[in-house]
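For chain A, the structure is supplied; the task is to place chain B on it using the hints.
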Amino acid sequence: MMHPLAGGAPKPARYAKLLLRPFGLAWILMISGAATVQAAPEALARVDPPTADHSQFEPLQQDFASGREVTRACLECHTEAGKQVRASIHWRWEYRHPQTGQLLGKQHVVNSFCNNVTTNLGRCTACHAGYGWDGPDFDFSDDSRVDCLVCHDTTGTYEKAPKRGGRVLQEPVKVHGHPLQPPDLGKVARNVGPTSSETCGSCHFFGGGGNGSKHGDLDTSLLDPPPGLDVHMSDAGAGLECSDCHVERAHQIAGSRYQVTARDRKGTGAPGQRRYAATCASCHGLEPHALGSDPAALYQGAKLNAHVDRIACQTCHIPAMARGGVATKIWWDWSQAGRLDADGNPIKRHDADGNLTYWTRWGEIEWGKDLVPDYRWFDGTMRYTLPDQTIDSSQPVPINRFAGHHDDPDARIWPFKMMRGKQPYDPVKDQLVYMQLFGKTEQAYWQGLEWQPAIASAMEAAGLPFSGEVGFTETRMAWPITHMVAPAEDALACGECHARDGRMAELTGFYLPGRDSEPALDRWAQLALAAALLAIGVHSGLRILFHRRRRHAE
Amino acid sequence: MTRTVVMFTGLERLWHWSQALLIILLLMTGFEVHGSYRLLGFGAAATLHVLAALALIVVWVFAIFWHLATGEWRQYRPTTRGLAAVVRFYLYGMFRGESHPFNPRPKRKHNPLQAASYLLFGVVISPLLWITGLLYLGIDLWSAPADLPLAPIALIHVAAAYGAALFLLVHGYMITTGRTPTAHLKTMITGREEIEEAAQREQQPERG
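Residue numbers (this note's numbering), protein chains in the order written: chain A, 67 to 620; chain B, 129 to 336.
Here chain A stands alone, though its shape is the one from the complex (with noise of 0.2 Å):
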């Protein structure tokens, strides 16, 4: 075997299973193993080569028995590691909000997927990366907790139990008719390495319900990109991965949606500056157009660098979301969930792609692909809508809001995917709330099917008030965009926004060209135009009538 850094087996027979498999076994399922592996020179360059071979080291010569075991045979030699994971959001799920002040993390927001954290703790905590957190009790102060293997693997046969809160898989299970082996724990933690897109998607790309479902830039399509779906990532382009961008310094790692760059002024730094940032513009600067040599090419380079200051990078450069093949949830509607059929058994559908169009657990479900953004401005300041907040339930909830306007420097219009559905709240209190869906008892809805008992465990065991009262209100989700990076040729023509019905029809407050006009102006003017022409006619034609005459006169 040679060394994981060098390259890995080529990508589509390593990850043949992955994009096999069906959408809902996704955060289970990992990679699948690398049996060949080929050395590509450019694939060594673009890898800083290690110190080190994990396969020599003395304390990794074992046949491990759990996760926990190859984390402390880890700590032996990276002492500080743990620590450094345990003060990052991979692993509190936390975090307080800089600007805002508000405490936020998966522990504590609602979002319009399957809601809340709180008391499904066994199944969503099977992407934590932490071994056995599966109550309010776990020790979040434990290092042999920490799960390196998960961000570290670069074998693709470790596996995570999927209800387990994030143990290693222990037996053999058919899952959806699919098998999974547990990993060879020796094996795989004698071939660590750095994270790649695999690692990092083995989780991401599979929130909100499977491969796709909650981004709309994040699904297994990232994992062998042509170049046309991620210029990036594609090996036929930069072939970079996740942490190319996602930089990190001690397991922190760049990137965030809670607080987002929206403008970064910075741009690549001093020259050998290492910027802990995951913008376009820390690797492409703040003038990435190139001033081209000729006159057109020139003005057309400076007028695009020009727009840097308004209009994100991501808005020109991704044209669309979801373009891998890969659909995205766009409705969820929570209220229709628990039908059955006529014997009494829970009903799923599907469409033509096999993506989940309605079931009992999870209620009505639509889809997109090759979808065109909303464009909003943003200041990358994100507040979300807890549970002990007032909403009015009269208008769709935002989940998550955001403020930016034309006249803010600091906000730019960013492309998002508008993540739209309805979900339960409470009528009574005007609130959202927290609901149980996982777990073995009747309060569970995925057991029970009932939405007061759900409610109420969830809401108890966050120790809110619920009102005991269940409603159904719409709601909006927020989702900016920022994967699927197209190559420049495919980058929004002008006229795509600068235009009456174009992109930007629904931002107000600034003047576009080619979209705005003074109608009075217009009117008026093409008014003028026409009444010119019509004597130019008359004129004309009495010019050529009086001639005529005259002839005939002679």
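Just so you know, these hints were derived from the structure itself, not from any lab. A virtual CB, placed ideally from N, CA and C, is assigned to each residue, including glycine. Among the hints, erroneous ones may be present.
[Stated by the list, open to error] Derived CB-CB ranges, DEER-like:
hint, chain 1, residue 1, chain 2, residue 2, range
1, A, S606, B, L276, 41 to 47 Å
2, B, S271, A, A336, 34 to 40 Å
3, B, G210, A, A559, 52 to 58 Å
4, B, I303, A, A302, 55 to 61 Å
5, A, P412, B, S164, 55 to 61 Å
6, A, H618, B, V186, 24 to 30 Å
7, A, A336, B, L262, 33 to 39 Å
8, A, A571, B, V186, 35 to 41 Å
9, B, G210, A, A596, 27 to 33 Å
10, B, I192, A, A571, 23 to 29 Å
11, A, D360, B, S227, 50 to 56 Å
12, B, R166, A, R614, 40 to 46 Å
13, A, G537, B, R166, 45 to 51 Å
14, B, L262, A, P292, 40 to 46 Å
[Unchecked claim] If the Cβ cut is set under 7 Å, some of the chain A residues that face chain B in the computed set are:
hint, residue
15, H564
16, P579
17, A594
18, L595
19, A598
20, I602
Same frame as chain A, now just chain B:
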């Protein structure tokens, strides 16, 4: 008696036609940028518009220098003398087959109505376009002048452009009102025009 004179020198004709082509190009691309129709695509239209505008500015700089250096700017000095007769001609006399009351000659090439409309174009419409156009370009490319809102500048630019379009339309028609429908056009191409010597003396307005 008529004689043939050089009414427009080669330089004047080069100026006129290069300006004409650039203005037509600017109007076509400009109204596409304004969103009035789709022809080349916004990006191509905007690029051509800017390049044509820069070229026109160069032409203008030369033309202004030429007008000042040669004193030809006097051709556009407004006068009401003979204006009524010209207006009457276009509204009435022309249909009766009367000859034009104004006889052009190299020292005063334009009839009073013509001179007034060229003056309007030269000192009102064009400078408005030029100034607002440069501001339009500068606001985004160099963020200068700072904090100037684009909307009023764009609207003045568009309004002046409508004025230019109106001028071009009427100008294009007036070309056909010579002795023959193509006489003026021929003069503007060849530079030569037949003028009536006797009438010239009769009609010559006093200088001043």
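Here is what the structure says about each hint:
no.	hint	result
1	S606(A) to L276(B): 41 to 47 Å	44 Å, holds
2	S271(B) to A336(A): 34 to 40 Å	23 Å, violated
3	G210(B) to A559(A): 52 to 58 Å	54 Å, holds
4	I303(B) to A302(A): 55 to 61 Å	59 Å, holds
5	P412(A) to S164(B): 55 to 61 Å	57 Å, holds
6	H618(A) to V186(B): 24 to 30 Å	53 Å, violated
7	A336(A) to L262(B): 33 to 39 Å	35 Å, holds
8	A571(A) to V186(B): 35 to 41 Å	38 Å, holds
9	G210(B) to A596(A): 27 to 33 Å	31 Å, holds
10	I192(B) to A571(A): 23 to 29 Å	42 Å, violated
11	D360(A) to S227(B): 50 to 56 Å	52 Å, holds
12	R166(B) to R614(A): 40 to 46 Å	42 Å, holds
13	G537(A) to R166(B): 45 to 51 Å	48 Å, holds
14	L262(B) to P292(A): 40 to 46 Å	44 Å, holds
15	H564	4 Å, holds
16	P579	6 Å, holds
17	A594	6 Å, holds
18	L595	6 Å, holds
19	A598	5 Å, holds
20	I602	5 Å, holds
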